[in-house]
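**Q** As a plain string of letters, each chain reads:
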Amino acid sequence: MRVMAQMAMVMNLDKCIGCHTCSVTCKQAWTNRTGVEYVWFNNVETRPGQGYPRQYQDQDKWKGGWTLTKRGKLTLRTGSRLQRLLKIFANPDLPTVSDYYDPWTYDYSNLLGSPPSDTTPVARPKSLITGDNTKVTWGANWDDDLGSGPEQVGKDPLLERLSEKVKLEFEETFMFYLPRICEHCLNPSCAASCPSGAIYKRSEDGIVLVDQDKCRGWRQCVTGCPYKKIYFNHKTGKAEKCTFCYPRVEVGIPTVCSETCVGRLRYIGVMLYDADKVLEAASVEDPKDLYPSQLGVFLNPHDPRVIAEAERAGIRPEWIQAAQDSPIYKLIVDYQLALPLHPEYRTMPMVWYVPPLSPMVDALTETGHDGENAGNLFGAIDALRIPTEYLAELFTAGEIGPVRASLQRLAAMRSHMRSVNLGEEPDPEIAKSVRLKKGEIEAMYRLLAIAKYEDRY
Amino acid sequence: MRVGKYFNKGEQSADNRTLHQIGGRSADDFYRDRWAHDKVVRSTHGVNCTGSCSWKIYVKDGVITWESQQTDYPSVGSDKPEYEPRGCPRGASFSWYTYSPARVRYPYIRGVLVEMYREAKERLKDPVLAWADIVDDPEKSKRYKSSRGKGGFVRAEWWEAAEIAAAAHVHTIKKYGPDRVAGFSPIPAMSMVSHAVGARFISLIGGSMLSFYDWYADLPVASPQVFGDQTDVPESADWFDAGYLIMWGSNVPVTRTPDAHYMTEARYRGQKVVVVSPDYADNTKFADEWLPAHPGTDGALAMSMGHVILKEFFVDRETPQFLSYVKQYTDLPFLVTLDEHGDTFVPGKFLTAADLGDTSEAAESRTVLLDGDGNPYVPGGSLGHRFAKSGMGKWNLDLEGVDPQLTLYGSDDAAAISLPRFDTDQPTIVTRGVPTKIVAGKRVTTVFDLMLAQYSVGRDGLPGDWPTGFDDASQPNTPAWQEAITGVPAKQAARIAHEFAENAEKSGGRSMILMGAGTNHWFHSDQIYRSFFTLTLLTGCQGVNGGGWAHYVGQEKCRPVTGWATLAFAADWQRPARQMQGTIYWYLATDQWRYDPFTSEVMASPLAGGKFAGRTAADNIALASRLGWMPTYPTFNRNPLDLADEAERLGKSGVDHVVDGLKTGHLRFACEDPDAPENFPRVLTVWRANLLGSSAKGNEYFLRHLLGTDSNVAADDKYGIRPQDVTWREEAPVGKLDLLLSLDFRMTSTTLFSDIVLPAATWYEKHDLSSTDMHPFVHAFSPAISPPWETKTDFEAFHRIARGFSWLAEKHLGVRKDIIAMPLIHDTNDATAQPGGRVLDWKAGECEPIPGKTMPRLVVVERDYPAVAEKMAALGPMVEAVGLTTKGVTTHPDAEVEYLRGVNGVVASGVAAGRPSLAKDTHAAEAILSLSGTTNGRLAVEGFEALERRTGTKLADLAAEHEGKRITFADTQARPVPVITSPEWSGSETGGRRYSPFTINVERLKPWHTLTGRQHFYLDHDWMVELGEQLPIFRPPLDMTALFNEPNVGDVGKDGVTVRFLTPHSKWSIHSAYQDNLYMLTLSRGGQAIWMSDVDAAKIGVKDNDWIECINRNGVVNARAIVSHRMPEGTVFMYHAQDRAIDVPRTEKTGKRGGIHNALTRLMIKPSHLIGGYAQQSFALNYHGPTGNQRDEVTTIRRRSQEVEY
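As they're listed, the protein sequences go chains A and B.
All you need for the working numbering is the position in the first sequence, starting with 1, plus 57.
All you need for the working numbering is the position in the second sequence, starting with 1, plus 4.
Hint data in this document are derived by calculation from the structure and do not stem from the laboratory.
Careful, some of the hints might be misleading.
Taking lysine-lysine and the PhoX-like style, the derived pairs with C-alpha atoms no more than 25 Å apart in a straight line are [stated by the list, open to error]:
no.	chain 1	residue 1	chain 2	residue 2
1	A	Lys-183	B	Lys-1156
2	A	Lys-509	B	Lys-84
3	A	Lys-212	B	Lys-1107
4	A	Lys-183	B	Lys-1107
5	B	Lys-1107	A	Lys-224
6	A	Lys-292	B	Lys-64
7	B	Lys-64	A	Lys-222
8	A	Lys-224	B	Lys-1156
9	A	Lys-192	B	Lys-1107
10	B	Lys-84	A	Lys-192
11	A	Lys-212	B	Lys-84
12	B	Lys-510	A	Lys-495
13	A	Lys-494	B	Lys-84
14	A	Lys-192	B	Lys-1153
15	A	Lys-144	A	Lys-222
16	B	Lys-1153	A	Lys-495
17	A	Lys-120	A	Lys-130
Bear in mind the structure is a predicted one, so any value in this text is a computation, not a measurement.
The task is simple: from the sequences and hints, build the whole structure.
**A** Okay, here's the thing in structure tokens:
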């Protein structure tokens, strides 16, 4: 056992209102400079949708992350080192700026500076790259709220993988939001892709950073990251990425994106994990086993053996304490509400998500049932407007079980708490049906609903 | 990596997969440096948004770098989520404006104007004469007015810009009168000082401040109608208390972003969430059920839900807690007379004590119910007890043990009544029956019995037509009936209604409806809202934490309202101030009244008495003005200063002189001839607002008639119906306004069309105060940096203009007398002026013109024009000498004036010698806080004690816990501070509870400010009868084909497909940032866009991001299409306030710049909104008045050439 500590995040998508405050505060703090105009360390995408950059989840196209060789050995999807070396000057798997979007501004000065004219002055769009007049044809969030409809939303790579075709029609509409930052993976393919060794994972907190002095701008990391969360600064010629706000985290302040998250859906905490197990966990054969195998890497911070090993590994007592108090650990391990994003990329991502509920009673009403009633709860989940299959493609490599279990716990909590809310005795069967005790379900409620500042971070 | 290991130090894993290094962190310094800053300042965003979020503004090297939300709100309790963090992406991107290329850095004047001015001033040596030389010369005047909005600004010096502005004001007052000057600035709560300083200047000179809440159509007129209150809603933390939540036309994640978490989190308490929305809106994601009602049909759904609740919880089974609630807190047990109408009856007036033979004071305003024995009983608490001497101690809801009869059912004297219905092609009549009784010689029934008849809930033995069940679609208001109208399945509607009531029963009234622009911006929104209120009232949810209505659009809560109003309307120096109803003002000023090809009869009930026959909306306005219902400024066709002089010369009082003039016809109301040059509005100042890029419904009419520049109006006024009482001039005037002055920090349509633009400080560059109804705190703006370049705070700018004005006034104005016509005002005894709501027109000889009774109150005030600047900068003596009155409660802040002398300092000399200073913005903030009960416990207690004397109930204890607490400006700069329970509002925060409206009414038996003192289902004003709207009723959206000959929705013709045109609030611009913000443009589509369904897009061959052209009679819009399957067929959204300044091409139709969302809309005036002088239907600013609604509009859309020109 080699105990290491990881700063990690859980986002409760069931609370995400898609407001993009996180994106804006992050952008303002970190990337409102030349060279990174198109860069959003934090972005929020509407699902279904193509995401940012477009169709980044299509690894057949972008070749991000790891894959298993025929012999079951973990290897970068881009192929062998030699193959990558040959492509180092003309990497075909690299998104262009247009795959993100061509950043633009406006000729704002014309509004005051316009000479007398025959109509009202206007500010035309200007390319931020060339300075010329431009047309706005794609953006960082083009398909927000299902904008661009069946034509573009239909190009969501996940939709293709569903067994039953999703109808993009008014009556069948569903959507939810997916905020994304760097995953600060336990097994980062970006770092492994870097020919210069410029990307490193900090030993004390697991934050993955690009050494700005060492980076030579090969951009192999951009290809290597399956989440496309490493960006190329075209002014400095170096790679940049989300830093988990280490200058803040180091002094005990949460990341900008989480503190400013007005939906109050982000949780930050420490996870202890066994570094010796990472490779094995990332190498399990069936991608559907990657979620449980990653769970198996995490160490119980209350376990005296883990504590002893952690102390031996030089992890400070306050970090062990933080791991014990970690809301992340509760959400990931205790309640098993949170799930990893695309475990099939085999990077062991460390930003996890609680899947979203969505209108579910609709489907049941025709039968005259109230989806709120405990008896109908689980039937209701299979009737969610958001197909659970879609969620499973995001979080569990297509395995529906864990998604359903998580949603069932959320629904059970609602049902249990409704009784408490109305001063009635909760039906003990509800908690039992999701394998939680009354006290646990109520503690879970406090963590998710009351969610005080000090409990989130 | 295998190769790399020879070059890189560190420990590599055996599989070569990872490399562990321990090393320095010097490579990370870049981001560490980036995070560094010198200071963090607390501020917020000051207009438009009611979020009132406290922000940290980061400053490095004297430059504002970015902002993030404060997280230090005082706790709302261990069992609730907190308010941290508050703020949305709009707010988070606000600092972009500070150094943006769109920033207005210097004063600007249109070149053609400033050249003429300089020439004239050189020649005439006097700024006022120079201004007169230009505006009085038709050719010169046309020259600069027709250039408005067409570029050509030149940079000017502050002194010159301020001088021209001051000269324009002086000239206008001198020549036309002070009521030809107006100011527009909305939402004072969001920056009270910035609002108050300009309003104070306008008020001191006798100009009129224009209302905005009704003008924005955000005022729910149903609120004054039902509650007698402008708008009072729960703070968002109270959503968490609800057990059942319907979001109805309120897209909370977008429009109440910082509050939305209370909704998402309350679900975890088992709150059921239902969304009613025509599209798959952002909030639908959180709903347990989605009811996609067709746009504008929400009233039908709500009526059917009311039907279900009345049937299941009142008739089939009597729910004790609902019955006791409606008996005590609503007008349901009160008696209404029935008037004969052919073979049947129609509902008439409330029975009053006067009908019972009581001849004492205010007996006509005391309503009657039957006690348990069936005897008439006149309970306390009605309007007749509110102001009369004999009502002292009796204005309360205590029924003294009487159990009112809710229904007369069981009496053997049933009668058939006729009721209108509007859901059919032509309005028709239905016949129903009610039990009746003869009381004092009149046939009466109860409001409850009328409600059952109106809602089609039958009882055995009553005459009339009744539905056979919920599935009977032939009778209005059943679930099956609504299904045909709304598209919502009947069973679902019935079930939601049942659940809503059942939850209320189980939870003690904790069922809540969040409602907003989606349901409130319609022409008949008052009826939609009354049908919503029915649901919350019948189930006992109003006045309960976690229950009732929660209206969130444009609503605000200026918590320290008394202090703000005192400063804003200069009530410390002189009273009253001119306060003008915005919609009326714009409707007349922009000549939209000329384009109505119908009379108000089109809205009348089939049971109407013909009162609207031949009358246009302009006629109704003229009537409302002369009867004292609504203000109209400009008021008379003469300068009110000259009228006062003339009266003095004639040795008469000003009041008599005006009344005589009106009687003889020598004097007319200006609104009876709005197109006469002497009646034009002449000078308008806009600050903290973007009138022409946002709220100006009928935008193109503004450009044509008010401003006199190019417009895209296609309508022709030759089809306009000629009014009866209002003069029609063959030639419609263009360019009525002489000066449009704006103060802003960015370029908007308003600044683009202004004559003078003054550079304003942003919200991060000034001191101010903010509060909201969304949370219970007051907090501060503080300057993170000084105003850069030549920008100035609104506070400084207006003081500068005032000094210039006072200096020019020495020569041109001096001390004058001014005659103000005041409408009959709500929350004063004026509300008893026209009992029974009977319309008597003195001009038609139906009564005598008696000021304050049958016509406006006339008040003569002295205006010391040269002293305006001095008065502005000091707190006047009327504060303690007369006292300050808010909602009928008067306090005398003498100790506070003394305190302000200490903290603000004392004025040394001049007209304000010895008075507390208001020379700085911090002084004004301090004054606002100390003069209000919410922020000064002593005044809260004093106010409650005054109220106790009137109600005879215990109230002062509500504020006693904070009697010694006085919130100072420094407190608000340190941290958001919770406010104190005060009679200024209807809810209680005592003991740290969450704010919910009307909890004081319910718990302390304090009456509502209505006729009965209870919440009203029934309204008996003559005009309500005329409209058939005495009770809640479904009225469909206006038929634009019938009214204006627009194509039908769904038609496809050569101009494209015709669709319903809705303008909801945008995700990327409303509130604390505007559409021009580069971050918001980057995250959205980068310019004007219209959302349409893929089905409609296919009809006209439009693909996503294609340019489209939208036309109707009002204007033209060119925008990009956003095609999405989340939109229903037949409806498009053009999100609110996407200005024409950003990437808007020339239109194909006219070759001119395309318009804004409101280029396709126009004003329509609903007669009932004009009602005044009667109980809760009395005027107060932003309280009661016609709305500038715009939702009923349609447009035709086609794909335009994709090669656009700018």
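**Q** Does each hint hold? Answer for all of them.
**A** Each hint tested on the structure:
no., hint, result
1, A:Lys-183 <-> B:Lys-1156, "22 Å, holds"
2, A:Lys-509 <-> B:Lys-84, "9 Å, holds"
3, A:Lys-212 <-> B:Lys-1107, "15 Å, holds"
4, A:Lys-183 <-> B:Lys-1107, "23 Å, holds"
5, B:Lys-1107 <-> A:Lys-224, "19 Å, holds"
6, A:Lys-292 <-> B:Lys-64, "23 Å, holds"
7, B:Lys-64 <-> A:Lys-222, "53 Å, violated"
8, A:Lys-224 <-> B:Lys-1156, "41 Å, violated"
9, A:Lys-192 <-> B:Lys-1107, "16 Å, holds"
10, B:Lys-84 <-> A:Lys-192, "48 Å, violated"
11, A:Lys-212 <-> B:Lys-84, "41 Å, violated"
12, B:Lys-510 <-> A:Lys-495, "23 Å, holds"
13, A:Lys-494 <-> B:Lys-84, "22 Å, holds"
14, A:Lys-192 <-> B:Lys-1153, "22 Å, holds"
15, A:Lys-144 <-> A:Lys-222, "37 Å, violated"
16, B:Lys-1153 <-> A:Lys-495, "67 Å, violated"
17, A:Lys-120 <-> A:Lys-130, "17 Å, holds"
In the structure shown, a violation is registered for the earlier hints numbered 7, 8, 10, 11, 15, 16, in ascending order.
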